[in-house]
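Chemist: Could you build all of it, start to finish, from the sequences and the hints given here?
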Amino acid sequence: MKLPIADGRTTWRYAVGMLRRHRGAFTVIAVLHVLAATAGLVGPWLLGRLVDDVTAGTTADHVRDLVLFAVATIVARAVLQKVAQQRSMVFGESVFAEMREEFLDTVTALPLSVVERAGTGDLVARTTNDVNKIQHTVRFGLPQLVVAVVTIVLTVAATLLLSPLVAVAMFVGLPILLVATRWYLRRAEPAYQRESAAYAVLNGTVTESVEGVRTVDALHLGARRTGRADADLAEAFAAETATLNLRSVLFPSVDLTFVLAPISVLVWGGWLAAQGSVSVGTVTAIVMYTMQLTGPVWNLIFWLDEIQVAATSLSRIIGVRLVAPDREAGDAVPASETVTARGVRYAYREGHDVLHGIDLDLRPGERLAIVGPSGAGKSTLGRMLAGIHPPTGGSVTVGGVPLVELPLEDLRRHVALVTQEHHVFVGTVADNLRLADVDAAPERLRDALAAVDALTWVDALPEGLHTEVGSGGHPLTPAQAQQLALARLVLLDPHTLVLDEATSLLDPRAARHLERSLNAVLAGRTVVAIAHRLHTAHDADRVAVVDGGRITEIGPHDELVAAGGEYARLWNSWQHQ
Amino acid sequence: MRPLPFADPGTPDLRGPWAYLRWVARRQAGVLTAALLCGVVVFACQAVQPYLVGEIVDSATAGGLDAATWRLAALLLAVGLALTGTAVLGHRLDVRNWLHATFRSSQLVSRTVSRSGQAVSAELPTGEVVSAVANDTFRIGELYAMAAQFLGSLVAYAVVTGLMLASSVELGLVIALGLPVVAAVLALLVRPLNRRQSAQREASGRLTTLGADTVSGLRILRGIGGEKVFTDRYRSQSQRVRAAGVKVAHTQSWLDALQVLLPGLFVALVVYLGAVHAMSGRISTGQLVSFYGYAAFLSWPVQLATQFLKIATNAHVSAKKLITVLRVQPATGTRPATATPPAPGAVLRDETTGVALEPGRVVALVSPDPDESARVAVRLGRFDDAAEAATPVTLGGVPLADLPKDHLRERVVVAEATPTIFSGRLGTELDVRDRAAVADLERAMHVADAGDVLDSVPDGLAGELPEKGRSLSGGQRQRVALARALLTEPEILVLVEPTSAVDAHTEARIAARLAEARRGRTTLVVTASPLVLDHVDEVLFLDGGRVTTRGTHRELLERPRAAEGGEAAARYRAVVGRSLDEAPADALAPTGLGATDAATTDLAEDRA
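Chains as they are written, first to last, in our numbering: chain C, 1 to 577; chain S, 1 to 608.
Treat the hints as calculated values from the structure; they're not laboratory data. Here the structure is a predicted model, which is why all the values come from computation and not from measurement. Just to be clear, a hint being listed does not mean it is correct.
Chain S regions said to be covered by chain C (calculated; three or more residues, Cβ under 8 Å) [said to hold, decoys possible]: (1) 52 to 60; (2) 123 to 130; (3) 219 to 225; (4) 258 to 270; (5) 423 to 435; (6) 541 to 549.
Here are the simulated SDA-like cross-link-like pairs (lysine to any residue), alpha carbons at most 20 Å apart as the crow flies [what the hints assert, rightly or not]: (7) K2/C to K310/S; (8) K228/S to A329/C; (9) K228/S to L492/C; (10) K310/S to S198/S; (11) K133/C to L3/C; (12) K2/C to R219/S; (13) K468/S to K133/C; (14) K468/S to T226/C; (15) K133/C to R201/S.
To be clear about the criterion: a stretch of chain S counts as covered by chain C if any three or more of its residues have a C-beta under 8 Å from a C-beta of chain C, and this derived list gives those stretches [as the list claims (entries may be wrong)]: (16) 12 to 19; (17) 237 to 245; (18) 280 to 290; (19) 338 to 345; (20) 402 to 413; (21) 508 to 520.
For glycine and all other residues, C-beta sits at the position ideal for the given N, C-alpha and C.
Modeler: Here it is as structure tokens:
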């Protein structure tokens, strides 16, 4: 299952909405930039005046006054620039902070079923890469874009004010500029995306090679891995060549425009000056203005390019907002702690049922083992029983209330799913435990740890409960991580637990230690254990054999063995002797 | 443009960062020289433009649009066209320089990683190696990409100074000396800016970590709660990043303001002096225009030159990080082989424990301590010459460390318990020796009972696996790894716990097919699963560091305690036994979630 990506219109609406919310601040910034850019127009005008005045003959005092006026505007511009720049950067920071916080709120509120099925890879990429990609644009791009546009417009306006007759000559190269830029911008975004994708693949290859270095060595894959990295580089080279070729058209076109413009103004203005219709000073000023346009025009093109890339990331970020909720909480209160499944069907894809009408009554306090071949639907059934996915047909209820109609906080107090996945969050041991109970007192945390046989090693940590763990913190073994997860369950205290191969990826010795911890958690609860080891089944109160999306056999171990069905056959081959 | 990457990136000079950077420069001397020439031409063209504009103004003032003015305009156009052409050529060469340096460095890293074996992960965190490719090679490339602009800037500065001194010594000196002062003042502000920027980067990196951490554990968060704790934590860090950004904005805006103020005042000074000179007739109005042009233009090369110093510093830091990676010595095979390989059919023997693999037999290795048997299997593979020196393994009597490594890897393959599945086409990733036909692949997938993998990967064998085979379940990955190991078809195959993550149905099928597929070829399986043990030719029982007994699974199960090796057989039964009389049901972990081989063992040992 893929997470949605917003289309262009939705993205645009979001961006406009964001600006609208900060209309006031944005307007102030724009005005400040307009003032600063206006002050920046003084240089060429001063030069033009001086050229005319010197030619006509003037006094040193007049020159000094002109220059002092210029100095005053330069100082004014610097001050305006300071305020405008600071304000727009602060603005960018605020907007960006708001955007990423809103994003994380949306992500952490995603429906359970979506999180389970979409996996976290794509979401992590959106949280890290995409958020980072737009940060540059939001922080610097927006202000720079405003500055560039304002400067271009005002500079052109200034030349037209000085002499529209002379100024028309500066547009001689404009068609080249427009055609080339349009051509470039249409192609640039996919080309640069391809480029960064190529490097992402290369980084992935190197990561795999380093993390799988034992496998590389054991299977003698060195040459293959080098070949793969070289192939990734070849793709990066092709992508780089493509973008380079795009720039090889754009750059000379822009350069040519800015070569032609001042020359045209000079020649045309020179002719007009010879006719006496304009002064040499006016021509000079306009020449200088055209030259001064180069910087803002380059900036504009550059940021338009970057904004296209950022828009792609933004569409992925706000795409997460388009996920529809998978359930609606009602206000019915369960009458008992009995979990019942009736006619449960589930299809990941329409028309392809994985479960074909399952009926199951969990008896409070019992231990039910679910066995069956891979792909039989065991895990899917487990997720139904834990209320992760709303079933496509039928219902799973607790005390008469469908699980998916319980508010999430209540659901968690009834049923919890424990998987082999364990993740230690960045933070202290206490932080990791308090997920289950935000206000738990330290004594409760210690009790929970003691219950799962983990208090000894937690106390032995450098700072005990307050030791920083998780990525970059004190390293924990997979078994310790799993114990933390179990301690959380003790705090959460649901009456029913669904265990999906909770310890299967651990090495046997770690699993042994965990048995004890686990038993403490399981005591007094209803347990559904999805297992791939038959002795799990042997020790359960009842065994359900799931095959092809149906419960084919159900009953106590001994009865099933005596019945001589599929389970008996399996058990015998396992027992063997 | 000659395509990259290089067939052979060469042998770098690793004596130090500068030595490495020099070595890279020498390897691309041709492209680098061409780029430097272009850079010089481009900047020289830019530098003479204000001069020509001034000449045209003078000429037009004196004689209108006469032949002289036209000639000058044509010259300005020619310079402009030359500039346009050279600039694009120069940009292409700059990029080429970047690519050469970056790709060469990147290739060196990937070659080091491929050769090093476990040494690289033992010496360096993964992140550092990946960052060498993702960041450091880029920073190194920038040095060569910017070199031409740097040299061009210096030349432009010299040209302009020359032109100005020719017109007016006084004005020339003001520009030649004044601009470096402006640059120096600006450089002073750059340092606090960098400090604040790096503070923000750090806060921002922490924020990214928090975000990634929250999302990685999202299944848990959504399953048991605590989202609010995490969003609050993210929010407060996000606000810290914002606050750090506000500080950056403060310094940055000062810098921007000064970048307007100082060059602006400088231009005003030049214009004032120029106007005074022009009034007294010491220079022409055209020259006044030129001076304005020079003053306005020169801040650009000065800025570039300052920037280049920063780039060079970064490149030096990155080169230092890169060579730490490139200096990693492989864990095996650094010493040349001293022995000729024995003929096929040689016995592979672990001298420490006495585990010996007779040619053509499919055997299993069982131990009360699964770590111990796994350690023996790993030794048989020769993964670390230094660490394994004390526990020699021989092939036909020759220590493995004396054999050529490439040869050994073809003959002996050890597939470990937690292998990595690599991304790529499933068929290609299975056939790591590039010699299997489709029928072979299908047969191997059948032996590993991995038919469901072919169904779950779109397009089956031609389908793509994501990074580390993430789309597959743990059991599926294990079976793909088994098929991959089988397809290497080595003379001697060692499999460590090949079925630990699959269900009993599947394990039963794999056990039968695996033994059949390797029948007659030397194979060792480390396992304690009776489903597998029942199908092998012989079982070796490793107990307390030595092989204490051997025999078929059935024979060991039935051997009386009183017979020779009877005690050892009893211990063996305790390890593998699941029958009720060996390990009472109530003594097994009540819900027994997961493989409790060791738990069973302990109980049995207590009874023995």
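Chemist: The structure should be examined with respect to each hint, and the outcome stated for every one.
Modeler: Verification of the supplied hints:
1. 52 to 60: Result for this restraint: holds, n = 4.
2. 123 to 130: Per the Cβ count (3), the hint holds.
3. 219 to 225: With 7 residues in contact (Cβ-Cβ under 8 Å with chain C), the coverage given for the region 219 to 225 of chain S holds.
4. 258 to 270: The restraint on the region 258 to 270 of chain S holds, since 7 of its residues have a Cβ under 8 Å from chain C and three suffice.
5. 423 to 435: holds (count 3)
6. 541 to 549: Not satisfied, violated; 0 residues make the cut.
7. K2/C to K310/S: violated, 43 Å
8. K228/S to A329/C: holds, 19 Å
9. K228/S to L492/C: holds, 16 Å
10. K310/S to S198/S: holds, 14 Å
11. K133/C to L3/C: Answer holds: K133/C to L3/C is near 19 Å, not above 20 Å.
12. K2/C to R219/S: holds, 16 Å
13. K468/S to K133/C: violated, 25 Å
14. K468/S to T226/C: holds, 17 Å
15. K133/C to R201/S: With Cα atoms ~14 Å apart, K133/C and R201/S stay inside 20 Å; holds.
16. 12 to 19: violated (count 0)
17. 237 to 245: holds (count 5)
18. 280 to 290: Answer holds; 3 residues pass the 8 Å Cβ test.
19. 338 to 345: With 0 residues close enough to chain C, the hint is violated.
20. 402 to 413: Contact hint for the region 402 to 413 of chain S vs chain C: holds, 4 residues under 8 Å.
21. 508 to 520: With 1 residues in contact (Cβ-Cβ under 8 Å with chain C), the coverage given for the region 508 to 520 of chain S is violated.
Comparing the model with each earlier hint shows violations of hints 6, 7, 13, 16, 19 and 21; every other hint is respected.
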